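J.: Sequence:
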Amino acid sequence: MTKEEVFASVKEVVVEELDLDEAKVTLDAKIKEDLDADSLDVFEIMNELEDKFDIQLDVDENVQTIGDVVDFVKTQMDEQA
Numbered sequence: 001m002t003k004e005e006v007f008a009s010v011k012e013v014v015v016e017e018l019d020l021d022e023a024k025v026t027l028d029a030k031i032k033e034d035l036d037a038d039s040l041d042v043f044e045i046m047n048e049l050e051d052k053f054d055i056q057l058d059v060d061e062n063v064q065t066i067g068d069v070v071d072f073v074k075t076q077m078d079e080q081a
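Per UniProt numbering, residue 1 is the first one in the sequence shown, and the count goes up by one each step.
FYI, nobody ran anything at the bench for these hints, they're computed from the structure.
From a predicted model like this one, the values you see are computed outputs, not experimental measurements.
One should not assume that every hint holds.
Here are the simulated DSS-like cross-link-like pairs (lysine-lysine), alpha carbons at most 25 Å apart as the crow flies [claimed, not checked]:
(1) Lys52 to Lys30
(2) Lys52 to Lys74
(3) Lys52 to Lys11
(4) Lys3 to Lys30
(5) Lys32 to Lys52
(6) Lys24 to Lys74
Across the chosen pairs, the derived CB separations fall in these ranges [claimed, not checked]:
(7) Gln64 to Asp19: 18 to 24 Å
(8) Asp78 to Ala23: 27 to 33 Å
(9) Asp78 to Asp36: 27 to 33 Å
(10) Glu44 to Ala8: 17 to 23 Å
(11) Ala81 to Lys24: 28 to 34 Å
(12) Thr75 to Lys30: 17 to 23 Å
(13) Ala23 to Asp54: 26 to 32 Å
(14) Ala23 to Ala81: 29 to 35 Å
(15) Glu79 to Ala23: 30 to 36 Å
(16) Asp38 to Ala81: 31 to 37 Å
(17) Thr75 to Asp28: 16 to 22 Å
(18) Ala8 to Glu79: 19 to 25 Å
Built from N, CA and C at the ideal position, the CB exists for glycine as well.
Produce the entire structure from the sequences given, and follow the hints as far as they go.
T.: In structure tokens, the structure reads:
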């Protein structure tokens with residue numbers, strides 16, 4: 001799966017979980033600051049991504065933007081391939 005495909009899937013989950021306009025969800029968007037997600041929202045997004053991609057995510061403090069999430073998911077998928 002390409003990075004662009006991962007981004008499209010992550011974007012879909014974030015839009016659904018946070019009830020946002022797709023245009024707000026960019027690679028540079030900060031999850032908490034720009035998208036107004038709280039810790040529970042982040043937890044739910046990560047759980048949904050784990051189910052969607054059949055991966056295990058142990059998110060650390062370095063994951064702040066949608067781009068960080070995409071990179072993290074892509075790395076996990078590549079490691080499990």
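J.: With reference to the structure, classify each hint as holding or not holding.
T.: Now the hints, each set against the structure:
Taken as a hint, the Lys52 and Lys30 pair is honoured in the structure, with Cα atoms around 22 Å apart against an allowance of 25 Å. Taken as a hint, the Lys52 and Lys74 pair is honoured in the structure, with Cα atoms around 13 Å apart against an allowance of 25 Å. Straight-line distance between C-alpha atoms of Lys52 and Lys11 comes to about 12 Å, which keeps the hinted pair within the 25 Å bound. The straight-line distance between the Cα atoms of Lys3 and Lys30 is roughly 18 Å, inside the 25 Å bound, and the hint therefore holds.
This hinted pair checks out: Lys32 and Lys52 have alpha carbons roughly 22 Å apart, not beyond 25 Å. Taking the CA atoms of Lys24 and Lys74, the gap is about 21 Å. The hint holds against a cut of 25 Å. As the Cβ distance of Gln64 to Asp19 is approximately 21 Å, the hint placing it in 18 to 24 Å holds. Our hint of 27 to 33 Å for Asp78 and Ala23 holds, since their Cβ atoms are close to 29 Å apart.
Against the hinted window of 27 to 33 Å, the Cβ-Cβ separation of Asp78 and Asp36 comes to about 31 Å, which satisfies the hint. For the pair Glu44 and Ala8, the beta carbons lie near 19 Å from each other, so the given range of 17 to 23 Å is met. One distance hint, 28 to 34 Å for the beta-carbon pair Ala81 and Lys24, holds here, with the actual separation near 31 Å. A hinted range of 17 to 23 Å for the beta carbons of Thr75 and Lys30 is consistent with their spacing of about 20 Å.
The given range of 26 to 32 Å is respected by Ala23 and Asp54, whose C-beta atoms sit roughly 29 Å from each other. A hinted range of 29 to 35 Å for the beta carbons of Ala23 and Ala81 is consistent with their spacing of about 32 Å. A hinted range of 30 to 36 Å for the beta carbons of Glu79 and Ala23 is consistent with their spacing of about 32 Å. Look at Asp38 against Ala81: about 33 Å separates their beta carbons, and that is inside 31 to 37 Å.
Taken as a hint, the range 16 to 22 Å holds for the pair Thr75 and Asp28, whose Cβ atoms sit roughly 19 Å apart. Taken as a hint, the range 19 to 25 Å holds for the pair Ala8 and Glu79, whose Cβ atoms sit roughly 21 Å apart.
Violated hints are absent here; each numbered hint is respected by the structure.
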